Amino acid sequence: MNLLDLVTWTGTFVFALTGALKARASRMDIFGGMVMAFATAYGGGTLRDLLIGIKPVNWINDYVALLLVLSGTLLVFLRKEKSGRFEKAIFFTDAIGLGMFTAAGIEISLQSGLNDVYALIMGIITATFGGLIADILRNEIPYLLRKGELYATACAIGGATFLLLRNTSLNHQVILFLCIMIVVGVRIYSKRKRLTLPEI
Amino acid sequence: MNLLDLVTWTGTFVFALTGALKARASRMDIFGGMVMAFATAYGGGTLRDLLIGIKPVNWINDYVALLLVLSGTLLVFLRKEKSGRFEKAIFFTDAIGLGMFTAAGIEISLQSGLNDVYALIMGIITATFGGLIADILRNEIPYLLRKGELYATACAIGGATFLLLRNTSLNHQVILFLCIMIVVGVRIYSKRKRLTLPEI
Amino acid sequence: MNLLDLVTWTGTFVFALTGALKARASRMDIFGGMVMAFATAYGGGTLRDLLIGIKPVNWINDYVALLLVLSGTLLVFLRKEKSGRFEKAIFFTDAIGLGMFTAAGIEISLQSGLNDVYALIMGIITATFGGLIADILRNEIPYLLRKGELYATACAIGGATFLLLRNTSLNHQVILFLCIMIVVGVRIYSKRKRLTLPEI
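Chains as they are written, first to last, in the numbering used here: chain Y, 3 to 202; chain F, 3 to 202; chain G, 3 to 202.
Straight line, CA to CA, 27 Å or less: simulated BS3-like cross-link-like pairs of lysine-lysine: (1) F:K57 to Y:K57; (2) G:K193 to G:K90; (3) G:K57 to F:K57.
It is worth saying that the hints were derived from the structure and are not from the lab.
Keep in mind it's a predicted model, so treat the numbers as computed, not measured.
Based on the sequences and whatever the hints tell you, model everything.
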């Protein structure tokens with residue numbers, strides 16, 4: 003198992019949690035939870051693979067990812083908390099998934115020959131598109147488009163750092179790790195401090 | 003014409019009816035009806051082909067499928083029933099389409115080299131995704147996610163039967179037929195008896 | 003730079019304006035504006051490329067298109083008009099983009115070996131799908147499905163003219179130009195005269 007797989011699988015698991023938590027917050031049944039977990043965990047990477055032309059898409063015949071999504075869904079549906087407490091859990095699992103998938107998305111895009119700017123765009127798509135689909139499915143305004151929140155911006159800052167540090171002598175694994183930490187950090191810090199994008 | 007084509011075309015036609023009926027229930031004009039018929043009939047197979055990497059997608063340059071969708075739309079829009087009566091017709095055309103597309107989706111996925119579990123997932127996607135898109139287009143909560151209904155579950159039961167019977171000496175056409183009957187049967191029976199997924 | 007690139011880039015720019023204007027009308031921030039501009043400008047061509055199997059999709063690594071989308075978004079967000087005045091601007095930029103993308107979509111589809119009917123369908127998809135996605139993102143009933151408006155119909159008339167004139171001795175660039183003019187003309191004329199599709 004290499005580092006990229008580890009990051010992707012961890013991201014898959016926390017995004018499956020995010021999707022299942024959103025399903026419970028929207029009072030869906032366990033099947034709805036599975037659909038939401040799949041959409042959140044697989045959506046972004048699927049769009050990236052389709053756009054770049056990687057075929058079949060990455061998760062086909064991948065049993066590890068499948069088990070991670072199913073176990074994440076079960077875990078969420080076996081707990082008994084009231085739905086009022088899900089918002090906070092969603093925020094944290096989502097932030098961690100954002101970081102993991104930004105890093106993994108950029109890495110895979112660079113390996114496929116994309117240049118830096120488009121690799122950054124693909125990293126943001128990988129990180130944000132699954133949650134966007136899940137939000138459309140549950141008829142909520144997507145997080146991604148909520149006014150002022152530093153959501154994709156967090157991915158952009160972490161991803162840009164990744165791309166800049168590639169030209170230094172830093173160890174590749176350290177760079178991946180820094181990218182993830184920056185995305186998660188910016189997301190959490192901006193939420194705490196209620197930072198927003200400047201109005202024009 | 004082989005059996006798989008027959009199943010696919012029949013499914014295309016009944017799903018076109020489903021989409022056009024939904025369009026009328028949502029008071030769209032005939033162009034909206036065509037879009038909804040196309041989305042319902044082609045949506046699931048399109049996503050399956052994109053995910054597996056079959057190119058171009060199956061319906062490109064297929065005039066039979068095109069005529070089936072257009073004639074299904076016309077048929078629905080030339081009738082004069084009030085929209086209150088559409089719900090029941092939608093339920094039945096949708097149930098038949100579910101069965102046809104589950105069987106066709108699994109068959110095509112197996113032919114493309116997917117293993118059983120992912121062929122089953124693709125069968126469910128083929129059967130349910132077109133209706134999901136149509137429901138998003140008309141701003142309804144997708145059938146697929148309505149609490150408790152045995153919708154994708156019906157596809158899963160029929161599809162699992164398909165995959166289990168493949169290892170027996172049963173005739174392939176009989177297995178396809180059984181899969182379709184089981185999906186349609188479970189869907190109708192569960193609706194009649196108000197069966198739902200267990201709450202957790 | 004050939005004519006097809008010119009038409010595609012102009013269409014990309016006006017559709018980016020359309021998307022950003024819709025974002026402002028829905029009171030999104032500048033990041034939401036960028037997402038909406040990208041979705042509107044790239045959405046239709048992306049779906050066409052995925053369906054036909056062109057890989058990677060056309061805009062990957064295209065810096066011209068990227069700069070056009072970003073500058074279109076900035077242009078819209080730097081102006082200070084009240085949002086009530088956006089509807090009219092959206093209508094016109096959208097009509098021009100419809101014409102450009104219908105022509106470009108048919109041209110690319112023919113070059114990829116599609117026959118006339120499916121090239122026409124791809125032209126309509128290229129022209130309308132980006133706006134459809136943007137409307138779903140901002141939770142509005144898609145223009146495309148609004149009762150009676152001659153929207154995709156305008157694309158169909160212009161596109162059919164394109165395909166008919168191909169069999170004449172007319173210069174190819176003249177035919178492209180006529181197709182664009184007809185789409186834009188039908189769209190504007192029908193809106194002014196409140197023409198609608200016939201009820202059934």
